[in-house]
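*Asks:* So you can see what is in the structure, the chains are spelled out below.
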Amino acid sequence: MFRFILSRLLYLVPTFFGITLVTFTFPRLLKGDPVLLMAGERGVSPERHAELTAQLGLDKNIVVQYFDFIGRLFQGDFGNSLVTKKPVLSEFLTLFPATVELGLVAILIAILVGVPIGVLAAIKRGSWFDQVSMSAALVGFSMPIFWWGLLLIIFFSGTLGWTPVSGRISLMYFFPDVTGFMLIDSLISGQKGAFLSTVHHLILPSVVLATIPLAVIARQTRSAMLEVLGEDYVRTARAKGMPARRVIGVHALRNAMIPVVTTIGLQIGVLLAGAILTETIFSWPGIGKWMIESISRRDYPSVQSGLLLMAGIVMLVNLLVDLTYGLINPRIRK
Amino acid sequence: MKLLSRSLIAASALALSAAAPAMAKTFIYCSEASPEGFDPAPYTAGTTFDAGAHPMFNRLAEFKKGTTEVEPGLAESWDVSEDGTEYTFRLRKGVKFHSNDKYTPTRDFNADDVIFSFDRQGNAENPWHQYIPGITYEYYTSMAMPDLVKSVEKVDDYTVKITLNQPEAPFLANIAMPFMSIVSKEYADALDAAGTREEFNNAPIGTGPFKFVAYQKDAVIRYTKNADYWGTPAIIDDLVFAITPDAAVRLQKLKAGECHLMPYPAPADIAGIKADSNLKLDEQAGLNVGYLAYNTTLAPFDNPKVRKALNMAINKEAIVATVFEGQAEPAKNPIPPTMWSYNESIVDDPYDPEASKKLLEEAGVSGLSMEIWAMPVQRPYMPNARRTAEMMQEDLSKVGVKAEIVSYEWGEYLDKSMEPGRTGAVILGWTGDNGDPDNFLSVLLSCAGAAPGGANRAFWCNEDFSALLQKAKVSSDPAERTKLYEEAQVIFKDQAPWFTIAHSTQYVPMSNKVSGFVMSPLGDFTFETVDIAE
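As given, the protein sequences belong to chains X and S, one line each in that order.
First residue of the first sequence: 7, per my numbering; consecutive thereafter.
First residue of the second sequence: 210, per my numbering; consecutive thereafter.
These are computed hints drawn from the structure, not numbers from a lab.
Hints are supplied without guarantee of correctness; some may be wrong.
Said to hold, decoys possible - Away from chain X, derived, C-beta distances all over 10 Å, residues of chain S:
| id | residue |
| --- | --- |
| 1 | G293 |
| 2 | V361 |
| 3 | D401 |
| 4 | E407 |
| 5 | R431 |
| 6 | A451 |
| 7 | K462 |
| 8 | N524 |
| 9 | Q587 |
| 10 | N593 |
| 11 | D624 |
| 12 | P661 |
To be verified - Chain S regions said to be covered by chain X (calculated; three or more residues, Cβ under 8 Å):
| id | stretch |
| --- | --- |
| 13 | 243-249 |
| 14 | 608-620 |
Glycine included, C-beta positions come from ideal geometry on N, C-alpha and C.
Whenever a hint applies, use it, and build me the whole structure from the sequences.
*Replies:* Take a look at the structure:
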């Protein structure tokens, strides 16, 4: 097991360098000069332009800039935002809990709803439930998040008035950030109704963010289950007279879960991408919304370090997923 | 008010046990973006000023609410010397800076604060010039303050003398702008001693009608009323900014009672807002102009006749009706009608394709083909440049002019459109900074503005026009200045360096319960005069 973990960790090194290269190059490939964008219609004199470019460190050779970036990374310095002038890492850490909270709730919804639907659809293959749920999953998968979020807001918050429109908690509540996780902080605050208000505010955005992963997980579970249900050992278990519940729950589901866990792991990347749109619609103060603003302002340090941190998290999650396989299926450990 | 009232009920149920005190009035503003910081000087975005300079700070001179006129602020009065280069400000006494849990001022506002507020921006040697690494004072620089201000001297604790290198009438409007907010020298010293200089930007201390309470990044900013305010104190007790970047979501929040007022509604939503009986809508012509600038240095566009002919070929009313959805006023002058010295008597070139053809013939131009540049972004003065360019293209084809539409990425567009040899006419616009006509005319149309780094995208250099501007700039007599700018607008219309498109209307939707909100022609959002019924 130790060798398995070590080999996985070694894989991360070249991946990490690949990512630094991509996150460094990508924002610079976007056309647009941060100095010109800051100046807007007013324009900026050539001398002032050169002065500001130098001040932002953008006058140096691009290769030198890259190695500067890497060098500082090893000292734990992710650079300062060009806009707010604050350290990117501290901005990231301030906003990250909001994204994690939303993402965790969303992935929980996706798993708790998606896996049972997939299993049921597989068992009742060809039934109306199978057809309806799988068509719905296809629709969910193809849903433009922005449109879907706005639709839910207009219907549930606007027309019905059941859910709040946006934000993390009613503005009537005010307490200090302790963990950055509103569900926890609202409990700690001891203010009556704060926790409920937080849950209330989480419903729509987490449903929107869960939509695509839920659809993918449901479809993946169904096909994995179907495959496993046709295997010899399942037939044997059935032939032995084992109760159907046990056959499906233990023998089939456990084996079917391997590709499903992979899928769930891959959904973390999808979740972070989805968070960008979901957070913008629901005014959710997380890293997705922050990334969008940083890109439009050509805030290179924020974009490159923000992307790097996000990619690092996706890598770690995938590592954990790899390790989980080992637990589910001992053969992979070799 | 569904959610709000529910929480209010919950809150008042709690309060009932404690002898039910009067409810604090909380006003919620759904702002459109996060502030870059709270220090009024280093940033340039309007959002940042609405969150920092306006609620929490004051200037020596202030814009009179709802106008572009300058009135006394932290300076009770001032004198200007004969030659217009020396300004003596008499400061208001008894003005208190805010306090917070880490800082309490020991003295009132005085001349040291004024000197500090200027010096930290203009003097690179000032220890506070770079208190955040990489910080710049873009507004101070771009309003040419470094070239203008010769010295700022303390005469006594409550008198400051500012000497300019040359007379400049718009100086008073400049110091009423957010970047010239007066900050506390004593607070800066205290932070220096504590080694926490960045707090100057994070935990602002000002003299304004609201005090800072807390900022939760990208989500909520909270303020409370400054009970010691030197002017008329705010009516509401608490002010909250709920940061909501999407216009459609802002409107939903307003409708659901999650906020009381919002900026920048989507144009398509205006009709719906007008029809909603729970909402009301304030509107005003914005302090902006959208234009099409010809390159007046290139043939045949160097001929005013050709420019006039093209102007007459384009159907302005149709653009306003279609692209702006009627939410704009067709522009005839380069400055908007809300600005003083706007010349009412000017008659716009009529839309007349036949006359246009004739004029082109007279100028000896036939088979003309040109480029129209359309910027890729939406701006306050131009909702859709591409669509505008397409309509112009169609109109021009009717008088035999072939137009090709060109576009670039926004930063590149701004840059390339200022390249001297530019082929093609450029769609662009301007939003005023300080309400002074000089801020439009000199920046956008003077000979000096045509140089690299300027913003005169017609490269139009008319000696008579520039001379009038210069004369107006050094005169401190408002009546004389008005006359000079009115004359300048006559020359502009006659020479037609631009096709003036429109001044877009600003809309502010708010709940019916809100009263006392005053729209600012400068586009600021301020809340010390608002009240909410309930």
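*Asks:* Now, for every hint given, state plainly whether the structure supports it.
*Replies:* Here is what the structure says about each hint:
Against chain X, the non-interface label of G293 of chain S holds: every CB pair exceeds 10 Å, the least being about 25 Å. At the 10 Å boundary, the C-beta of V361 of chain S stays outside the reach of chain X, the nearest C-beta of that chain being 23 Å off. For D401 of chain S, the non-interface assignment is confirmed: its Cβ lies about 18 Å from the closest Cβ of chain X, beyond the 10 Å cut-off. Distance to chain X contradicts E407 of chain S as a non-interface residue, since its nearest Cβ pair spans about 8 Å, not more than 10 Å.
For R431 of chain S, the shortest C-beta to C-beta distance to chain X comes to about 7 Å, within the 10 Å cut-off, and the non-interface label is violated. The Cβ of A451 of chain S sits about 6 Å from the closest Cβ of chain X, inside the 10 Å cut-off, so the non-interface label is violated. The Cβ of K462 of chain S sits about 5 Å from the closest Cβ of chain X, inside the 10 Å cut-off, so the non-interface label is violated. At roughly 25 Å, the least C-beta separation between N524 of chain S and chain X is larger than 10 Å, which holds for a residue marked as non-interface.
Consistency note on Q587 of chain S: stated as away from chain X, and its beta-carbon is indeed over 10 Å from all of that chain's, at 12 Å minimum. Interface exclusion of N593 of chain S from chain X stands, the closest Cβ pair being 17 Å apart, more than 10 Å. Under the 10 Å C-beta cut-off, the non-interface status given to D624 of chain S relative to chain X is violated; the minimum distance is some 5 Å. For P661 of chain S, the non-interface assignment is contradicted: its Cβ lies about 5 Å from the closest Cβ of chain X, within the 10 Å cut-off.
Counting residues of the stretch 243-249 of chain S whose beta-carbon sits less than 8 Å from any beta-carbon of chain X gives 3, enough to reach three: the coverage restraint holds. With 4 residues bearing a CB less than 8 Å from a CB of chain X, the stretch 608-620 of chain S meets the requirement of three and the coverage assertion stands.
Hint check: violations occur at hints 4, 5, 6, 7, 11, 12; the rest are consistent with the structure.
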